[in-house]
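*Asks:* What follows is the residue order along each chain.
Number of protein chains: 2
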Amino acid sequence: MSNERTEISSLGEFGLIDHLTKNNEIRNASTLLSVGDDAAVIDNFGKQTVVTTDMLVEGIHFDLMYTPLKHLGYKSVVVNLSDIYAMNATPTHITLSIAFSNRFSLEALDEFYEGVYAACEKYGVDLVGGDTTSSQKGFIISITAIGEVSPDKYVKRSTANKSDLLCVSGFLGAAFLGLTILEREKKVYSETGIQPDLENQAYIVGKLLKPEARKDIIEFLSDSEIMPTSMIDISDGLSSEILHICKQSNLGCVLYEDKIPINEEARQYAYKLELDPTACALSGGEDYELLFTIAQADYEKLLLSEQISVIGYMTAPEEGSHLITRGGNKHALVAQGWNHVSK
Amino acid sequence: MSNERTEISSLGEFGLIDHLTKNNEIRNASTLLSVGDDAAVIDNFGKQTVVTTDMLVEGIHFDLMYTPLKHLGYKSVVVNLSDIYAMNATPTHITLSIAFSNRFSLEALDEFYEGVYAACEKYGVDLVGGDTTSSQKGFIISITAIGEVSPDKYVKRSTANKSDLLCVSGFLGAAFLGLTILEREKKVYSETGIQPDLENQAYIVGKLLKPEARKDIIEFLSDSEIMPTSMIDISDGLSSEILHICKQSNLGCVLYEDKIPINEEARQYAYKLELDPTACALSGGEDYELLFTIAQADYEKLLLSEQISVIGYMTAPEEGSHLITRGGNKHALVAQGWNHVSK
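Chains as they are written, first to last, in my numbering: chain A, 350 to 692; chain B, 350 to 692.
Okay, chain A solo, but in the shape it has when bound (with noise of 0.2 angstroms):
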């Protein structure tokens, strides 16, 4: 961050969003209107249009101390179009609202919309509207995400089938090993001023405060001709999503401990702070990967990626949901997921 500190009140609040909004490039042709009006215009040529969207607050949801804002702009937007994804549709435009209290500088904001243009250039999608406000405390952040899907070819949650084989993308548990490492050494800065040496866990570190929404995956499955029967992004935790998908769908599942992807970084990490890697995955969230179901005659088309691991399979409902464990045990799946709201 730069050291200059420019009162956001010199430029009162329609000279803040010109400054904020005087980069936001159009990438969409269908943004007929965008920022500067009471609303932004889409247009739409037959297709379906998703929505979606989520807050963030400062305080339970992220933490400044170690969350550069640059990357915090980043995740917010990611976040949300991880969620347009896990309906097989592709996002288009968001909206960004934030509420800041006044301890944030002009240069602060600028780091945040710096990283939320990136994640809008990497992803193709248009900032098309916001609002920005004062708060009472903190820094809190709501992002709204559009998108589109071919008609009736968005998947959801509710329509996974008996026997569908379950899967997930890339690997579990590492943002919550990330959030762990991290936590860990605030509490010892705070006490011992000892700066943090954190080059070591920048994989574990990285997945907690720079993921990535899986449009590769989409895109995958769609050049594959595998149309997913039920899917869900992964934010609470593998088991919270699962059990999602199986009281959608009304049914009941197995889960092969052995099969749920976890990178050998994450897992040697796991073993140094004593976590279970299992339960980091299973409980952890915050990897926003994908988990979908697939009919089995599917299965063949799917070995062309390694970025996909069949990980169980759907059963009736009155099998329950279980994890079959390394040792050939079986436990109920319980969700344990991160719960913002409890917490």
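By construction, these hints were calculated from the structure, which means they are not laboratory data.
Warning: the hint list may mix true and false statements.
Copies of the same chain look alike in the list, so a pair counts if it fits in one copy or across any two.
Claimed, not checked - Straight line, CA to CA, 27 angstroms or less: simulated BS3-like cross-link-like pairs of lysine-lysine:
hint, residue 1, residue 2
1, K371, K596
2, K471, K679
3, K502, K535
4, K559, K535
5, K679, K371
6, K559, K596
Start from chain A and add chain B according to the hints.
*Replies:* Below, chain B without anything else, positioned relative to chain A:
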């Protein structure tokens, strides 16, 4: 408000979402998928989509000491719908995110949602998604509204023409007077413990606490085949909004003080409070009336509505933007609207 108090933490996040959305009704056939998945799905039939978003923060935009939560829920929706109408579009869907500290009970949230659903019903809008989370302090509301408009029928701020008539719906200034009364009564109450009797100020206080969006004006304009050349809703005060149209359309204007519509009850209250009624209308804000320009050729059609006043006309930009007072004096228009950032 009932005296029961259910701790929100007793429901968990998903329990809370289920609870808050169990009475959610779907009114638009275009709502293919609503709350309960990663994103909502909205169908399109060749129409153009309009999107807007607004954030309301406790202590900045509202004071819960005198704002009933049901009214707050209603108003939070209405201020967003007003932006959609200001595009000459029809609102169809909203998403709603809220953050709240643990001083809020479930009963309090229920009251808030009662107001949200009442507004959805009144305006025929579907609530299709949202997020609920904790805040460190206070109540924060973020709503995104989506609307539809026939191709290229939306009305921008930037397309007024020289000599167009400047028009406004309803009456102005009452919301600001309502705020002034409530702030004064709050002060009296905190100093003396005397509860205010606001019954005689129902009109003025109602304009602040429970504003309506001017759906009827958009319908009248459509029925009368009047296509406004530019339009904006009045959230920051008449001066500020007129100057937005002037700046974005690259024009000047003449505004006549004696044409500014001020309700007689509001005028009397302004005098009682030793305020200039014209200043309340020019700078008061939160009226949520529509300000628009029309071609002079459409003037006759306008006479059928008692809800629309012609208050001036657009000029060449070099003539500047002026108010002609009752006494015939000419003053430059200045924006002194509510500015939530610099306050």
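*Asks:* It remains to establish, for every hint, whether it holds in the given structure.
*Replies:* Status of each hint after checking the structure:
When the C-alpha separation of K371 and K596 is checked against a cutoff of 27 angstroms, the pair qualifies only between copies, where the shortest distance is 17 angstroms, while the shortest distance within a copy is 46 angstroms. For a Cα distance limit of 27 angstroms, the shortest separation of K471 from K679 qualifies neither inside one copy, at 42 angstroms, nor across copies, at 52 angstroms. For a Cα distance limit of 27 angstroms, the shortest separation of K502 from K535 qualifies neither inside one copy, at 45 angstroms, nor across copies, at 55 angstroms. Only within a single protomer do K559 and K535 lie at most 27 angstroms apart by alpha-carbon distance; the minimum there is 19 angstroms, versus 46 angstroms between protomers.
Neither within a single protomer nor between protomers do K679 and K371 lie at most 27 angstroms apart by alpha-carbon distance, with minima of 57 angstroms and 35 angstroms respectively. In this assembly of identical chains, the alpha carbons of K559 and K596 never lie at most 27 angstroms apart, being 31 angstroms within a copy and 40 angstroms across copies at closest.
This entry does not satisfy hints 2, 3, 5, 6, going by the numbered hints stated previously.
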